[in-house]
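Please model the complete structure; the sequences and the hints are all you need to start from.
Numbered per our numbering, the sequence shown spans residues -18 to 125.
Just so you know, these hints were derived from the structure itself, not from any lab. You can trust all of the hints, since none of them are fake.
Pair by pair, the computed Cβ-Cβ distance ranges are: (1) A51 x D72: 14 to 24 Å; (2) L86 x E29: 31 to 41 Å; (3) A90 x E29: 31 to 41 Å; (4) E29 x S50: 23 to 33 Å; (5) K92 x E29: 30 to 40 Å; (6) D91 x N32: 35 to 45 Å.
C-beta atoms are modelled at their ideal positions from N, C-alpha and C, and glycine is treated no differently.
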Amino acid sequence: MSTLVSIIVPAFNASAHIAASVASALAQSHDNLEVIVVDDGSTDRTAEVVNGIGDRRVRLLRQENKGQSAALNRGAADATGSYIKFLDADDLLNPSHIESQIAALGGSADKLASCRWGYFRNSPDVSHIREEKTNRDYDNPADW
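Set out below in structure tokens:
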């Protein structure tokens, strides 16, 4: 069986976007994954939308509002995968994203994988790619 990847999704009042975000995570070519949505005290229908997804790979955790970092930490603490991917509740993943990042890591657990990303306003078909120079060694971890 392939490596289990935990995708952590912090969510606060994300009912408008959370279903599409989780769907993009579930549509990965690498399908050995768990999606942990941490509802960070939402007052909208976020939890209801996530509970309605109906996929055994999706788990909902709820906590009082503590902020994005606390939600990420909560999800990471509950994760069971060998790798962790953080995904914002209004972001979408390309279907080969996880597979590509696992390949880039080459089985190593002491590395961090990054990638190009794009942003869009109305349709993901019209996105603007953002290039970042992160694919290098960092002598000082604080530089990252």
